Amino acid sequence: MSRISTSLTGTWQHMKRDRQLLVLFLPCLIFYIIFRYGPLFGLTIAFKDYNVFEGIFGSKWVGLKHFVKFFSGNDFLMLFKNTLTLGFFTLIFGFPIPILLAISLNELRVKWLKKSIQTLTYLPAFLSIVIICSMVIDFLSPNTGLINKLMAAVGLEKIYFMIIPEWFRTIYVASDIWANAGYDAIIYLAAVAGISPTLYEAAKVDGCSRWKSLWNITLPGLMPTILIMFILRTGKMLQIGYEKVLLLYNPTTYEVADVFSTYVYRKGLIESNYSYAAAVGMFEAFIAMIMLLSANFISKKAGGKGLW
Amino acid sequence: MVGESKLNLFGVINALLLICVGIVTVYPILYIFSISISDTASVVQGKITLFPKGINFDAYLEVLKDKRIPRAYLNTIFYTGLGTFINLLLTAIAAYPLSRPDFIWRKYWMFGIVLTMFLNPGIIPNYLIVSGLGLTDSVWALVIPNAIWTMELIILKSFYEGMSEQVREAALIDGASEFRILFNIVIPLSKPALASIALFYFMGHWNSYFLPMIYLNDSTLYPLQVVLRDMLIFSEGNRASLVDAAALAPQAKKNATIILSMIPVLMIYPFAQKYFASGVMIGAEKG
Chain A
1 MSRISTSLTG TWQHMKRDRQ LLVLFLPCLI FYIIFRYGPL FGLTIAFKDY NVFEGIFGSK
61 WVGLKHFVKF FSGNDFLMLF KNTLTLGFFT LIFGFPIPIL LAISLNELRV KWLKKSIQTL
121 TYLPAFLSIV IICSMVIDFL SPNTGLINKL MAAVGLEKIY FMIIPEWFRT IYVASDIWAN
181 AGYDAIIYLA AVAGISPTLY EAAKVDGCSR WKSLWNITLP GLMPTILIMF ILRTGKMLQI
241 GYEKVLLLYN PTTYEVADVF STYVYRKGLI ESNYSYAAAV GMFEAFIAMI MLLSANFISK
301 KAGGKGLW
Chain B
1 MVGESKLNLF GVINALLLIC VGIVTVYPIL YIFSISISDT ASVVQGKITL FPKGINFDAY
61 LEVLKDKRIP RAYLNTIFYT GLGTFINLLL TAIAAYPLSR PDFIWRKYWM FGIVLTMFLN
121 PGIIPNYLIV SGLGLTDSVW ALVIPNAIWT MELIILKSFY EGMSEQVREA ALIDGASEFR
181 ILFNIVIPLS KPALASIALF YFMGHWNSYF LPMIYLNDST LYPLQVVLRD MLIFSEGNRA
241 SLVDAAALAP QAKKNATIIL SMIPVLMIYP FAQKYFASGV MIGAEKG
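Residue numbers (the numbering used here), protein chains in the order written: chain A, 1 to 308; chain B, 1 to 287.
Just so you know, these hints were derived from the structure itself, not from any lab. Note that the structure is predicted; figures quoted are calculated from it, not measured. Honestly, I wouldn't trust all of these hints.
Stated by the list, open to error - Short, incomplete list of chain A residues facing chain B, as computed with Cβ under 7 Å:
#  : residue
1  : 27
2  : 43
3  : 103
4  : 107
5  : 121
6  : 134
7  : 149
8  : 211
9  : 224
10 : 247
11 : 269
12 : 285
13 : 287
What the hints assert, rightly or not - Only pairs whose alpha carbons sit at most 20 Å apart, straight line, appear in this in silico EDC-like list of lysine to aspartate or glutamate:
#  : chain 1 : residue 1 : chain 2 : residue 2
14 : A       : 212       : A       : 107
15 : B       : 107       : A       : 18
16 : A       : 16        : B       : 169
17 : B       : 191       : B       : 230
18 : A       : 16        : B       : 230
19 : B       : 65        : B       : 39
20 : B       : 191       : B       : 174
21 : A       : 244       : B       : 230
What the hints assert, rightly or not - Computed footprint of chain B on chain A, listed as stretches where at least three residues anywhere in the stretch have a Cβ under 8 Å from a Cβ of chain B:
#  : stretch
22 : 122-131
23 : 136-148
24 : 252-266
C-beta atoms are modelled at their ideal positions from N, C-alpha and C, and glycine is treated no differently.
Excised from the complex, chain B in its bound form (with noise of 0.2 Å):
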């Protein structure tokens, strides 16, 4: 234990470096949140580098003053909820049969599955199917095609895998059904696979701009990223926007509706580690 503690330059420089690398990392987001709750005078004369100035929180009143923004976040909220909802019950139910050994043809699905993973038609038929059976402008259009990630499913079928025989056999012999074992004795046992799962769905729900701007054309429904990407990127839709487009809209309300769509995920962000980590790595493993 003498060496651990001594100092040597290795050890030193090491950590100059890593702090560096954190600030760098979190600057830029600390950098937009300053903005947003300084005042207009200090953010237009460029007087912010890091610690706000004139703290006042005008510009979030703004941000909730507008429309679009509060509705897209209850829309984004209503499909994150749903769609993450939606993908832990298919996911959860198809992964239980799956799991079993013994399963008919269980060799057959798993090589289909499986399959799915590297045959990647493209967007294109994929928008065909989604349009031809009429799911587009609703929020089916961004839940029902992607109900299923595969990696998901194997995650959790190999989690199933992994719980003991016994007590599924026990219930067995008692008389119970299948879907009494899966939801009063698997599903239960499996809350930290699926908790692992769910961060991942709900991720992709959250922050996903892409199916949301193709598949939905009515204003009303947009989601946060998509309303966000019209304001921010392609604010005023013309080539002087490329040029500037940060000088057109005003920096503290933009700022503050960044900081207002970051705000659900850094709350489950640092429960998340563990959880990703284990999902991480059965992904890595599973390639």
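Okay, chain A solo, but in the shape it has when bound (with noise of 0.2 Å):
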């Protein structure tokens, strides 16, 4: 008992003491408890036929009906495919990019070169997600686009690109690589940074080419970063940029291009089927989850430095 009420007094002191820091603190409570909690509790309403009126709270329970709907419908493989192939496809061809490039930057010795480049290539990275779409759009539009306007002049002929569902995944991960690369590049160029100069001295001392010790010292000398760069990014590989998913797809092309958050957006929010959107978006959390988690476990099994 007494040792209870001493840890409550103590409890209680220390709250006094630090009252000025939780009034500072508070609004950041609040923010999380309703804005990022909150909605975790939201999602109970995919276990119930959400209504309007009676609210969160107030609508019916009614199971996994919403789930047992979406597995069993065609939607949910077709969904799972166009996820992992969108998502893979720009991690083998998105992921090695910016490494190359961090690489080229580095070995080339002319200064004010070296800096307009990269200033250059990420200069995309600021640009707005609205922006780089309709650039995408205009030059590959079929009769005023640019590319379409060079081949006509080789004599080819004139692809609807933007109509054609064989082209999406090449025109998102083309396009994501363009808008990225140079800005994913900084990681990888501070890292170069951090290898020691006294090993390239050295090497040049032993008679090493440039090619040879890039091979030897800048490479492993990247590797740790590579490696949690990797992993990061496969761990986070079906949170594809469905902003831009939702900007460059149409009806034309869903069979390829709509992924779980597109097709979220659609069910939930333009034919307010509420709670079978909840569903689906829970059921892609949870294997987003699980993926961010493995990808933890293996960096941590590998190279003994998880990412948390």
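Once you've looked at the hints, go ahead and assemble the two chains, each given alone in its own frame, into the complex.
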């Protein structure tokens, strides 16, 4: 009894001492409770038939109805395949390019050129996704687009890029690389800068060519960063840029472009099937969490250093 | 140093490749700009490949005459300004208690905050909370539900933690309140970190289209990105526009709009490198 009461007074004393800090922290606490934990409780509507008039708490429980409907329908397989394929292609093409870019930039000994190219390549990272997508659509437009004009100039047939499903992934991945490679390279450039210059000097004394020291010093030096980034990217593979898909896709390309989040948006916010969409979103969040946790587990096993 | 200046094949090929990469990256933007200041005839005949022909600024005047765009521009400036201010204020005051090693229940607060990075309920529950609170169709829907970004909170907290203890203790002995210490000492000393997260917040607000799109129904409230989306991507809203969206709206005017929307971002971008780099680095370390 007395121990509990001392610890309670202790806590009370501590709270009193920290009261100013608690006041400063209060807005943050309220924010996280309402806008970060609130939606988690809102997820219960995935197990209800959400009705606007009865609200989140008043709506009737329906168990796993929405999940069953989702898994037994045809959309599930399509979405799963699309989300994984888009994520996978973005990863295997988008991941190595910033590394190559950083290494080549590092090998460039002309300072001003290095700096200007780096500055140019990360420019697109500052452009909004709307601008990037409108540029993509513009350049690929069948009649006025530059790509089709160039193709016409060398006698090739016009291609309606935006409405042919086969082209969607290429367009998505290529524009992603264009927009993000320079920005993603920053982190590798910083890692290269952290490699001790004495290693390079020693290699030069030993008669190593630039190519050899790249292979034997720069690359191994970058390895830990590459591994961490790779695991991180794999863990986040499902979180592909749905805002971009929303802007680039259209009903003719749904079959390859529709991913979990765009489907949730359409079913939920456009067609007002809140409960069904919440169930789909919950499934996606669950898979994403599992992937992130396993990525961290693997990284801890492999390098001894987890992401957290 | 002799070896440094020696030209070799590897170096030359590398430099040439990088120059190509640089050109490929900026070319689309220059092309958009050239079209925006060329005369209509040259654009329609497809004469523009890089340099503008028949330079004029009619397209820009036309854009400014279109009521929607100046209004959307002002909306975006307002949302971005207010949003970034609230983000910075809340992040700055929340990071301070969390950076105090003996702050009560600090471990639990941090756990609760970091946990939210892995639990993402998706857009539907978020939408229901925001609309349930009656925030839709107001600037608050864009500002309040994302008032603190967990990553930026952690970045700032780490920065505060790296600051010297002695100044704070001296101030405490002199009888300064925690508020005074935060606003008169800690915040002025964390300008580099605040600038770095301010850039992220600024970019987030300036470029955001999804949240305004779902939370704003009144078109007079639309920020620039939503108007751009309607104008450039879903312009005529019919199937033909998907086949050839570019052909329907006057090219020069569209491109002038794009360039106008880029200006503020392009203005801060040359200064952004060091702040972004440090932000990205801390972000990567913390995972």
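Against the structure, the hints come out as follows:
Because the closest C-beta pair between residue 27 of chain A and chain B is about 6 Å apart, less than 7 Å, the hint holds. Against a cut-off of 7 Å between C-beta atoms, the interface hint on residue 43 of chain A holds, since the closest Cβ of chain B lies about 5 Å away. Interface hint at residue 103 of chain A: violated, since its Cβ lies 9 Å from the closest Cβ of chain B, which is beyond the 7 Å cut-off. Residue-level restraint check for residue 107 of chain A holds (minimum Cβ-Cβ distance to chain B is 5 Å; threshold 7 Å).
The interface hint given for residue 121 of chain A is met, as the beta carbon of that residue sits about 5 Å from the closest beta carbon of chain B, less than 7 Å. Interface restraint check: residue 134 of chain A against chain B, minimum CB-CB distance 4 Å, threshold 7 Å, status holds. Restraint check, residue 149 of chain A versus chain B: the minimum CB separation of about 6 Å is within 7 Å; hint holds. Restraint check, residue 211 of chain A versus chain B: the minimum CB separation of about 6 Å is within 7 Å; hint holds.
The interface hint given for residue 224 of chain A is broken, as the beta carbon of that residue sits about 11 Å from the closest beta carbon of chain B, more than 7 Å. For residue 247 of chain A, the suggested interface contact is upheld, since its CB lies about 6 Å from the closest CB of chain B, less than 7 Å. A least Cβ separation of about 6 Å between residue 269 of chain A and chain B falls short of the 7 Å threshold, and the interface hint therefore holds. This hint holds: residue 285 of chain A has a C-beta 5 Å from the nearest C-beta of chain B, less than the 7 Å allowed.
Annotation: residue 287 of chain A was flagged as interfacial toward chain B, and the flag is violated, the nearest CB pair being 11 Å apart, outside 7 Å. Only pairs whose Cα atoms come within 20 Å are accepted, and residue 212 of chain A paired with residue 107 of chain A is accepted, the gap being roughly 12 Å. Straight-line distance between C-alpha atoms of residue 107 of chain B and residue 18 of chain A comes to about 15 Å, which keeps the hinted pair within the 20 Å bound. This hinted pair checks out: residue 16 of chain A and residue 169 of chain B have alpha carbons roughly 19 Å apart, not beyond 20 Å.
For a cut-off of 20 Å, the pair hint linking residue 191 of chain B to residue 230 of chain B is broken: about 38 Å separates their Cα positions. Of the supplied pair hints, the one linking residue 16 of chain A and residue 230 of chain B is violated, its CA atoms being roughly 54 Å apart against a limit of 20 Å. For the given pair, residue 65 of chain B sits about 18 Å from residue 39 of chain B by alpha-carbon distance, which is consistent with the 20 Å threshold. For the proposed pair residue 191 of chain B and residue 174 of chain B, the alpha carbon gap of about 24 Å is over 20 Å, so the pair is violated.
Annotation: proposed proximity of residue 244 of chain A to residue 230 of chain B holds, straight-line Cα distance about 14 Å (limit 20 Å). Restraint check on the stretch 122-131 of chain A versus chain B: 9 residues with Cβ-Cβ distances below 8 Å, three needed, restraint holds. Coverage of the stretch 136-148 of chain A by chain B holds. Counting CB-CB distances below 8 Å, 9 residues qualify, and the rule asks for three or more. Under the rule that three or more residues need a Cβ within less than 8 Å of chain B, the assignment of the stretch 252-266 of chain A holds, with 4 such residues.
In the structure shown, a violation is registered for the earlier hints numbered 3, 9, 13, 17, 18, 20, in ascending order.
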